[in-house]
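Participant: Going down the list, the sequences are from chains R and C. Every letter in the first sequence is one number past the one before it in the working numbering, and letter 99, counting from 1, is 186. Every letter in the second sequence is one number past the one before it in the working numbering, and letter 174, counting from 1, is 233.
Note that these hints are calculated values from the structure, not bench results. Heads up, the beta-carbon is just placed ideally off N, CA and C, and yes, glycines get one too. Be aware that a few hints might be false.
Unchecked claim - Here are the simulated lysine-lysine pairs, DSBU-like style, with alpha carbons at most 35 Å apart:
1) R:K124 <-> C:K140
2) R:K136 <-> R:K124
3) C:K140 <-> R:K118
4) R:K111 <-> R:K99
5) R:K162 <-> R:K118
6) R:K99 <-> R:K124
7) R:K162 <-> R:K124
8) R:K99 <-> R:K136
9) R:K99 <-> R:K162
10) R:K136 <-> R:K111
11) C:K224 <-> R:K136
12) R:K124 <-> R:K111
13) C:K468 <-> R:K124
14) R:K99 <-> R:K118
15) R:K99 <-> C:K224
16) R:K111 <-> R:K162
17) R:K136 <-> R:K162
18) R:K162 <-> C:K224
As the list claims (entries may be wrong) - Some chain C residues judged to face chain R by a derived CB distance under 7 Å, without partners named:
19) A181
20) A228
21) G229
22) I230
23) P231
Okay, here's what each chain looks like letter by letter:
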Amino acid sequence: MQYMLLIYSNEKPENPPAPEEWGKVMSEYMKFTEAIKSEGIMIAGDALKGTDTATTVRVRDGDAMHTDGPFAETKEALGGYYLIDVPDLDAALAVAARLPGSWYGSVEVRPVMMPEDYQSA
Amino acid sequence: MTASAEVARVFREEQGRILASLIGSVRDFELAEEALMDAYERALETWPVRGVPNNPAAWITRTARNRAIDRVRRRSNWRDKEPVLAHLLSLRAEEKQEKEGTVAEVIPDERLRLVFTCCHPALSAEARVALTLRTLGGLTTPEIARAFLLPEPTLAQRLVRAKRKIRDAGIPYRVPPPELLGERLQSVLSVVYLVFNEGYSASAGSAVVRRDLCAEAIRLARLLVELMPSEPESVGLLALMLLHDSRRAAREDAEGVPILMAEQDRGQWDRLQIVEGLELVERALRMGRVGPYQLQAAVSALHARATTAEETDWPQIAALYGVLESMNPSAVVRLNRAVAIALAGDVLEGLRRMDLLVEEGRLTDYVMLPSARAELLRRLGRWQEARDAYDQAIDLCANAGHRTLLVRKRAAISAAQLA
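One chain only, chain R, in its complex shape:
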């Protein structure tokens, strides 16, 4: 099954990490990415730019409305994702627990809808 691991964290922490701490976090992410690639379970994964770069679009009655900012203003914002392919939820949860994002923030694990799910839905 495919699972999306959505990484949420506080974009503007009260005590932002020092540059050398950032370096450590980055290398942890790189190690994680390399590991799941070599295990053959990674489909995709990216970090996103901050929510101050986000624009939200809604089309109503044919008119596009644009709002500066994310869909919802929350303390913890979506900051990146990994898309993985593993046998079941236990395996996905184990990968999520290895993801550095789950050590500093939260990782939401969501199964991806596949063609057969659309049929039975």
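Given chain R's structure and the hints, the job is docking chain C onto it.
Facilitator: Then chain C, alone, in the frame of chain R:
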């Protein structure tokens, strides 16, 4: 036995085993349950006419599998249709050669997979309890709803959502591998203990329903011990619940007012449950891997061994709570340890530990903290402080019977003592 009584018996006694096996073959909780309901209906139609089959549970399982085949065929677009259908048909082919045997021979025991799946940590605690009782217990949805004081549609909805999450999120139907087993077993044991406590100390609900919940929890723990005989914590939990349950008849007066253990008529304690509980504690501790349930059972065993309240080995109980606190330093464990230390003779030390919990702002809405403090203050003759602590406890107490007891204790502090 009439046909309908026999159907009811199969439902109560064999439901878990049949359902566990069906889910294993159809890989879908809802489909398995629907097929099983079909099979019960079929039994109610045919058994009165043709007689009850030699092995009713096997008959129900076989019929349910056939109904599942029909249902899968009808669902043209069902996911995994082909592999599930092929598997079910191969089971049917095997069955043709099967002779009539006992339930154990005919239906493979897959209940452990079912237990772990129902108690998966990706489900909410409420959903785990409801699902475990519904699938492994012989309780109907209305019975569970009544026991937890929930509207039936709320509980039914909770069950549906849990079953769909198991399917849609890909929760595996299996006994977890060794690296996950310890953590997952904790989740299973806590579900069973929650069911027991709901029955044992619920603030509401009829006595009969509450007794049923305790019996159900004990039955589930027996099942776990049977399926995993070398897990000492399962054995410890069963012992703990039996020892608690042995005091049921003695712990309330006729008006439902609780009687403290020190004042209970120990002649009313259930000796059979005590004997079994004590044996199980010994058996668990001999396995040499001590854990929180075993320690609590060992405490309960020391109470059970004391023929009078005065003979209770409080120093030993205090020591056991010390070990428990080192494993699980929760505020409730710290409070229990403080009580044991006080009753072992050091009332001031017990009180000091309780005051520390108050200072730390722990257990602010837990009635047992002010009521235990009140008791110690009373023993120390600090009447005014004792009365204030009883007042706090009375304010927090939601259980009518317990409240009555606290009001009586408070009233027993006389004006002369306060003067």
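Participant: Check each numbered hint from earlier against the structure, then list the numbers of those it violates in ascending order.
Facilitator: 3, 13
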